[in-house]
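Protein chains in written order, with UniProt numbering: chain H, 1 to 432; chain A, 1 to 334; chain W, 1 to 236.
Simulated from the structure, these hints should not be mistaken for laboratory data.
Any given hint might turn out to be false.
Stated by the list, open to error - No more than 27 Å apart at the CA atoms, straight line, and that leaves these computed lysine-lysine pairs for DSSO-like:
no.: 1; chain 1: A; residue 1: LYS157; chain 2: A; residue 2: LYS239
no.: 2; chain 1: H; residue 1: LYS4; chain 2: H; residue 2: LYS216
no.: 3; chain 1: H; residue 1: LYS112; chain 2: H; residue 2: LYS280
no.: 4; chain 1: W; residue 1: LYS129; chain 2: W; residue 2: LYS80
no.: 5; chain 1: H; residue 1: LYS206; chain 2: H; residue 2: LYS216
no.: 6; chain 1: A; residue 1: LYS157; chain 2: H; residue 2: LYS206
no.: 7; chain 1: W; residue 1: LYS127; chain 2: A; residue 2: LYS103
no.: 8; chain 1: H; residue 1: LYS432; chain 2: A; residue 2: LYS151
no.: 9; chain 1: H; residue 1: LYS180; chain 2: H; residue 2: LYS302
no.: 10; chain 1: W; residue 1: LYS80; chain 2: W; residue 2: LYS156
no.: 11; chain 1: A; residue 1: LYS186; chain 2: W; residue 2: LYS30
no.: 12; chain 1: W; residue 1: LYS156; chain 2: W; residue 2: LYS30
no.: 13; chain 1: H; residue 1: LYS112; chain 2: H; residue 2: LYS180
no.: 14; chain 1: A; residue 1: LYS239; chain 2: A; residue 2: LYS285
no.: 15; chain 1: H; residue 1: LYS398; chain 2: H; residue 2: LYS432
no.: 16; chain 1: A; residue 1: LYS285; chain 2: H; residue 2: LYS216
no.: 17; chain 1: H; residue 1: LYS206; chain 2: A; residue 2: LYS236
no.: 18; chain 1: H; residue 1: LYS206; chain 2: H; residue 2: LYS180
no.: 19; chain 1: A; residue 1: LYS239; chain 2: A; residue 2: LYS151
no.: 20; chain 1: A; residue 1: LYS103; chain 2: A; residue 2: LYS239
no.: 21; chain 1: H; residue 1: LYS398; chain 2: A; residue 2: LYS239
no.: 22; chain 1: H; residue 1: LYS206; chain 2: A; residue 2: LYS151
no.: 23; chain 1: A; residue 1: LYS157; chain 2: A; residue 2: LYS284
no.: 24; chain 1: W; residue 1: LYS127; chain 2: W; residue 2: LYS156
no.: 25; chain 1: H; residue 1: LYS4; chain 2: H; residue 2: LYS398
no.: 26; chain 1: A; residue 1: LYS186; chain 2: A; residue 2: LYS236
no.: 27; chain 1: A; residue 1: LYS236; chain 2: W; residue 2: LYS30
no.: 28; chain 1: A; residue 1: LYS103; chain 2: H; residue 2: LYS432
no.: 29; chain 1: H; residue 1: LYS302; chain 2: H; residue 2: LYS432
no.: 30; chain 1: H; residue 1: LYS216; chain 2: A; residue 2: LYS157
no.: 31; chain 1: A; residue 1: LYS151; chain 2: A; residue 2: LYS284
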Amino acid sequence: MNRKNLTLFALVALLFIGTGFFQSWNSSLGILNMALISAIMALGVNLQWGYAGLFNVGVMGFVALGGLAVVLASAEPAPGAWNAGGMGIVLGLMLGALTIGGAILVWRGMSKGKARVLVLIGVLLAGFFAFRAVFDPAVTAIEAINPAVQGNIGGLGLPVLLAWPLGGLLAAAAAWAIGKTALGLRSDYLAIATLGIAEIVLAVMKNEDWLARGVKNVISLPRPVPYEVDLQQSPGFLAWAADWGMDPVTASSIVVKLCYAGLFGAVLVALVVLSELALKSPWGRMMRAIRDNEVAAEAMGKHVTRRHLQVFILGSAVIGVAGAMMTTLDSQLTPGTYTPLRFTFLIWVMVIVGGSGNNWGAVLGGFLIWWLWVMVEPIGLGLMSAVTAGMADGSWLKVHLQDSAAHMRLITMGLVLLLVLRFSPRGLIPEK
Amino acid sequence: MLNALVAFLNFVFVPGLAYGAQLALGALGVTLIYGILRFSNFAHGDTMAFGTMVTILATWGLQSLGISGGVLPTALIALPFGILVTALFVLGTDRLVYRFYRKQKAAPTILVIVSLGVMFVMNGLVRFIIGVEEQAFADGGRFLITAGDFKAWTGLKEGLAIRTTQGITVVTAVIVVVALFWFLGKTRTGKSMRAFSDNEDLALLSGINPERVVQVTWIIAAALATIAGVLYGLDKSFKAFTYFQLLLPIFAAAIVGGLGSPLGAIAGGFVIAFSEVTVTYAWKKVVTYLVPADMAPDGLLQLMSTDYKFAVSFAILIIVLLFMPTGLFKGKSV
Amino acid sequence: MSEPFLIGEDMTGGYGAADILHGCTLAVEKGQIAVIVGPNGAGKSTAMKAVFGMLRLRGGHVRLAGEDITALTPQARVAKGMAFVPQTHNIFTSMTVEENLEMGAFLRRDDIRGTMEQVYTLFPILKDKRHQPAGELSGGQRQQVAVGRALMTQPKVLMLDEPTAGVSPIVMDELFDRIIEVARTGISILMVEQNARQALMIADKGYVLVQGANRFTDTGAALMADPEVRRSFLGG
Numbered sequence: 001m002n003r004k005n006l007t008l009f010a011l012v013a014l015l016f017i018g019t020g021f022f023q024s025w026n027s028s029l030g031i032l033n034m035a036l037i038s039a040i041m042a043l044g045v046n047l048q049w050g051y052a053g054l055f056n057v058g059v060m061g062f063v064a065l066g067g068l069a070v071v072l073a074s075a076e077p078a079p080g081a082w083n084a085g086g087m088g089i090v091l092g093l094m095l096g097a098l099t100i101g102g103a104i105l106v107w108r109g110m111s112k113g114k115a116r117v118l119v120l121i122g123v124l125l126a127g128f129f130a131f132r133a134v135f136d137p138a139v140t141a142i143e144a145i146n147p148a149v150q151g152n153i154g155g156l157g158l159p160v161l162l163a164w165p166l167g168g169l170l171a172a173a174a175a176w177a178i179g180k181t182a183l184g185l186r187s188d189y190l191a192i193a194t195l196g197i198a199e200i201v202l203a204v205m206k207n208e209d210w211l212a213r214g215v216k217n218v219i220s221l222p223r224p225v226p227y228e229v230d231l232q233q234s235p236g237f238l239a240w241a242a243d244w245g246m247d248p249v250t251a252s253s254i255v256v257k258l259c260y261a262g263l264f265g266a267v268l269v270a271l272v273v274l275s276e277l278a279l280k281s282p283w284g285r286m287m288r289a290i291r292d293n294e295v296a297a298e299a300m301g302k303h304v305t306r307r308h309l310q311v312f313i314l315g316s317a318v319i320g321v322a323g324a325m326m327t328t329l330d331s332q333l334t335p336g337t338y339t340p341l342r343f344t345f346l347i348w349v350m351v352i353v354g355g356s357g358n359n360w361g362a363v364l365g366g367f368l369i370w371w372l373w374v375m376v377e378p379i380g381l382g383l384m385s386a387v388t389a390g391m392a393d394g395s396w397l398k399v400h401l402q403d404s405a406a407h408m409r410l411i412t413m414g415l416v417l418l419l420v421l422r423f424s425p426r427g428l429i430p431e432k
Numbered sequence: 001m002l003n004a005l006v007a008f009l010n011f012v013f014v015p016g017l018a019y020g021a022q023l024a025l026g027a028l029g030v031t032l033i034y035g036i037l038r039f040s041n042f043a044h045g046d047t048m049a050f051g052t053m054v055t056i057l058a059t060w061g062l063q064s065l066g067i068s069g070g071v072l073p074t075a076l077i078a079l080p081f082g083i084l085v086t087a088l089f090v091l092g093t094d095r096l097v098y099r100f101y102r103k104q105k106a107a108p109t110i111l112v113i114v115s116l117g118v119m120f121v122m123n124g125l126v127r128f129i130i131g132v133e134e135q136a137f138a139d140g141g142r143f144l145i146t147a148g149d150f151k152a153w154t155g156l157k158e159g160l161a162i163r164t165t166q167g168i169t170v171v172t173a174v175i176v177v178v179a180l181f182w183f184l185g186k187t188r189t190g191k192s193m194r195a196f197s198d199n200e201d202l203a204l205l206s207g208i209n210p211e212r213v214v215q216v217t218w219i220i221a222a223a224l225a226t227i228a229g230v231l232y233g234l235d236k237s238f239k240a241f242t243y244f245q246l247l248l249p250i251f252a253a254a255i256v257g258g259l260g261s262p263l264g265a266i267a268g269g270f271v272i273a274f275s276e277v278t279v280t281y282a283w284k285k286v287v288t289y290l291v292p293a294d295m296a297p298d299g300l301l302q303l304m305s306t307d308y309k310f311a312v313s314f315a316i317l318i319i320v321l322l323f324m325p326t327g328l329f330k331g332k333s334v
Numbered sequence: 001m002s003e004p005f006l007i008g009e010d011m012t013g014g015y016g017a018a019d020i021l022h023g024c025t026l027a028v029e030k031g032q033i034a035v036i037v038g039p040n041g042a043g044k045s046t047a048m049k050a051v052f053g054m055l056r057l058r059g060g061h062v063r064l065a066g067e068d069i070t071a072l073t074p075q076a077r078v079a080k081g082m083a084f085v086p087q088t089h090n091i092f093t094s095m096t097v098e099e100n101l102e103m104g105a106f107l108r109r110d111d112i113r114g115t116m117e118q119v120y121t122l123f124p125i126l127k128d129k130r131h132q133p134a135g136e137l138s139g140g141q142r143q144q145v146a147v148g149r150a151l152m153t154q155p156k157v158l159m160l161d162e163p164t165a166g167v168s169p170i171v172m173d174e175l176f177d178r179i180i181e182v183a184r185t186g187i188s189i190l191m192v193e194q195n196a197r198q199a200l201m202i203a204d205k206g207y208v209l210v211q212g213a214n215r216f217t218d219t220g221a222a223l224m225a226d227p228e229v230r231r232s233f234l235g236g
């Protein structure tokens, strides 16, 4: 950390403080919490791209898996759901895994030829129908239970903080499966493969209602911090708020947000420290050596694909943790709101703008770009009212411009990305 | 038996053919850009959306002037205008954005990230100008053959309906593909594009001007994107976001066919389209006609719900990449 | 004495920080054959690329017919009447033989059929295979396509980088014969060759390069006769 970088961080801090003064501390903290989470996601992408040059555009999928972990681990258990269909689901999934495993065995074990292809198709088809036969009734049974609020398998009711590492694990498991198949591919094939995986993860989460209610959303997930209502009824808190001269409603909301910020901040600091240690370790040096010259590293006896798999899993796990944190912050899982522009490409803007290969850069990018993403809308609106001030009220252009101001943020993000790539391709805090 | 065939044609073959033609046109653009500029253009889906948007605006303009295409959709008259504006826009982005990296000989991954930036801007522009709502802009006759007419002619229980847009899609796609292959195979500029794609250094040694090749490529890609986008929009409807989602099947089609190979892009488009339709179609109707009445199936006989159509294109993509890394028609491997 | 038709004089330069060429001079007279030989890593190909402008020179000049072309791009040199056949990747593999030739003539706006006939007369096998993709041809035929493509610009100078690399001895002799035929039409030829002995036999002028500098320069026959050249570079 040198002077220039500290100044950059100070400037970004000023943005948040400014928002606090001029808008409200409540919204400033709201942006900050999401910025902390974004910074962690950016850290995960930076692990993959900055350390190892892996082009992962499936960030959204890992974020969503992290969110799913929260539901599975911490949501209220659904009484009867396990008895109704739990076994069927587990058996079905096992059949599915067996089918794929069997197919791989057939492919590896049999010699080339028509027989192998036929057996392979046979195994896959038989497995698929067996899977559907076991799986479908179980799903129907589960979805029939109390469909208005549940109709899913339900959670384990564990403390929500435990769901965060679980989110990381779930994402890591998915990353292992993806990495095993796709990491040998060229960089832009990997990009397209990850893009596809993310869409599939989301399609599963939207459609498999038994899992997390699909687009019907899971709401009121447990929180690791007190509820505003409880605070507002606690006499101690009311007295404390009065001491500070704050209205209890605002105070409670700020305190809750600060609690979140503390938790998220702790995770972020821990991850930054770990990432920095990893980067400076022999492992990190080797990763970068592989990134800079794969052929030479391979010739020196490094297992390039295995290292890539490692770092891909690690980065995805970090993103998964962030996804779990985000779902915790929202207290709900809403698969319908996950879009690649917001959850994949925006994170990429953060990493590129911050400085790929540099953890501090990724964190800075996370803060700066998230602030910008939120603030572009009001700024755009302001701009549009200024532009349209001279126009007659009710003219279609004026109405259209004001209505469309919300879409300014995509254009802004694209321009920011293009400008940084052009004029400062190594980002605000370049790799050392 | 005939009824089963007609049901198959009506629900699987005709929609698959139209969708395949749309994907093929999109994949052709991706594959040309890859062959000449050597990167996967993530902004292609949004280029389609942009071109379609301009065409829709022009269509509305024409309609307000009282001009219409009669039986055919007015959008076909507006199409050249859409292509022109899109081509100019794309040439502008090349001049302002991509050319810099080309001169630097930047790595393909950098160009992909740059195209993400362009994608953001184009996506934002489209939303800014036309909004996120669904826009229907198809006019003219609805059907070439209606189910009712078909039943009356043939006396079959099952009807075959072919929508005008499906017919137009297939006819336009055939014309465009023939024109493109004539251009690539017979004209001096087209041959120079193939030469450049085949061996860039040798093309330079032969005096082929790289900037001109690149410009022509962008113009063709813009035209293909606009045509594909408009056909898709006429067939389904226009919504800014669906075009972004088309990126996945389009890339899948281009890669399955072999990136850089125009013929492969077309084959890939139909492979992907027919697989998607086949896997997500509920076969109950077809099977019911085929088997004796007492054996008629209870279930829908649908392999996967339509929401998983992306998974289908994706699975094919992965299988092809693992077993035939250069695609069906030997594309470029590096 | 008048200046040679094409001369790369006192060329110094390389790809990165280190120079590969150290004051190297190459020249060829009109209608003659000049051959560059030397051990591996002597900078033979680099010297060719320098003459063709594919390498930035830190010192020295390249002149064509008295005109200084040091600053021109390779493409501009093509327009000036120079043609270059790289050692590898020297054909468009996915295009037919005829299309390869057409691409060679890309800069020309006049009728190219005459030149194409000349190429087919020089390499009759190419006429039979003119509608086949060039990538499907044998090694020797590919080299013929490569030379043919370069001839389509009607160059005054033809530069060949190891035209016989990887072809059988019979095909090599055949190729050398064709190259002599090309030179007889008044085209100057500058080529790098690994098969030093055979190449010097057809050379009007030979250059022996060692470590990026001229070691011996003489007529081909004189070099062949020089005992030191024979011992060090021609294997006795």
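Comparing the hints with the structure gives:
{"no.": "1", "hint": "LYS157(A) <-> LYS239(A)", "result": "violated, 36 Å"}
{"no.": "2", "hint": "LYS4(H) <-> LYS216(H)", "result": "violated, 48 Å"}
{"no.": "3", "hint": "LYS112(H) <-> LYS280(H)", "result": "violated, 47 Å"}
{"no.": "4", "hint": "LYS129(W) <-> LYS80(W)", "result": "violated, 30 Å"}
{"no.": "5", "hint": "LYS206(H) <-> LYS216(H)", "result": "holds, 8 Å"}
{"no.": "6", "hint": "LYS157(A) <-> LYS206(H)", "result": "violated, 37 Å"}
{"no.": "7", "hint": "LYS127(W) <-> LYS103(A)", "result": "violated, 38 Å"}
{"no.": "8", "hint": "LYS432(H) <-> LYS151(A)", "result": "violated, 73 Å"}
{"no.": "9", "hint": "LYS180(H) <-> LYS302(H)", "result": "holds, 17 Å"}
{"no.": "10", "hint": "LYS80(W) <-> LYS156(W)", "result": "holds, 9 Å"}
{"no.": "11", "hint": "LYS186(A) <-> LYS30(W)", "result": "violated, 37 Å"}
{"no.": "12", "hint": "LYS156(W) <-> LYS30(W)", "result": "holds, 8 Å"}
{"no.": "13", "hint": "LYS112(H) <-> LYS180(H)", "result": "holds, 22 Å"}
{"no.": "14", "hint": "LYS239(A) <-> LYS285(A)", "result": "violated, 31 Å"}
{"no.": "15", "hint": "LYS398(H) <-> LYS432(H)", "result": "violated, 49 Å"}
{"no.": "16", "hint": "LYS285(A) <-> LYS216(H)", "result": "violated, 30 Å"}
{"no.": "17", "hint": "LYS206(H) <-> LYS236(A)", "result": "holds, 22 Å"}
{"no.": "18", "hint": "LYS206(H) <-> LYS180(H)", "result": "holds, 25 Å"}
{"no.": "19", "hint": "LYS239(A) <-> LYS151(A)", "result": "violated, 34 Å"}
{"no.": "20", "hint": "LYS103(A) <-> LYS239(A)", "result": "violated, 36 Å"}
{"no.": "21", "hint": "LYS398(H) <-> LYS239(A)", "result": "holds, 23 Å"}
{"no.": "22", "hint": "LYS206(H) <-> LYS151(A)", "result": "violated, 39 Å"}
{"no.": "23", "hint": "LYS157(A) <-> LYS284(A)", "result": "holds, 15 Å"}
{"no.": "24", "hint": "LYS127(W) <-> LYS156(W)", "result": "holds, 24 Å"}
{"no.": "25", "hint": "LYS4(H) <-> LYS398(H)", "result": "violated, 43 Å"}
{"no.": "26", "hint": "LYS186(A) <-> LYS236(A)", "result": "violated, 35 Å"}
{"no.": "27", "hint": "LYS236(A) <-> LYS30(W)", "result": "violated, 68 Å"}
{"no.": "28", "hint": "LYS103(A) <-> LYS432(H)", "result": "holds, 26 Å"}
{"no.": "29", "hint": "LYS302(H) <-> LYS432(H)", "result": "holds, 23 Å"}
{"no.": "30", "hint": "LYS216(H) <-> LYS157(A)", "result": "violated, 39 Å"}
{"no.": "31", "hint": "LYS151(A) <-> LYS284(A)", "result": "holds, 20 Å"}
The structure fails to meet hints 1, 2, 3, 4, 6, 7, 8, 11, 14, 15, 16, 19, 20, 22, 25, 26, 27 and 30 from the earlier list, while all remaining hints are met.
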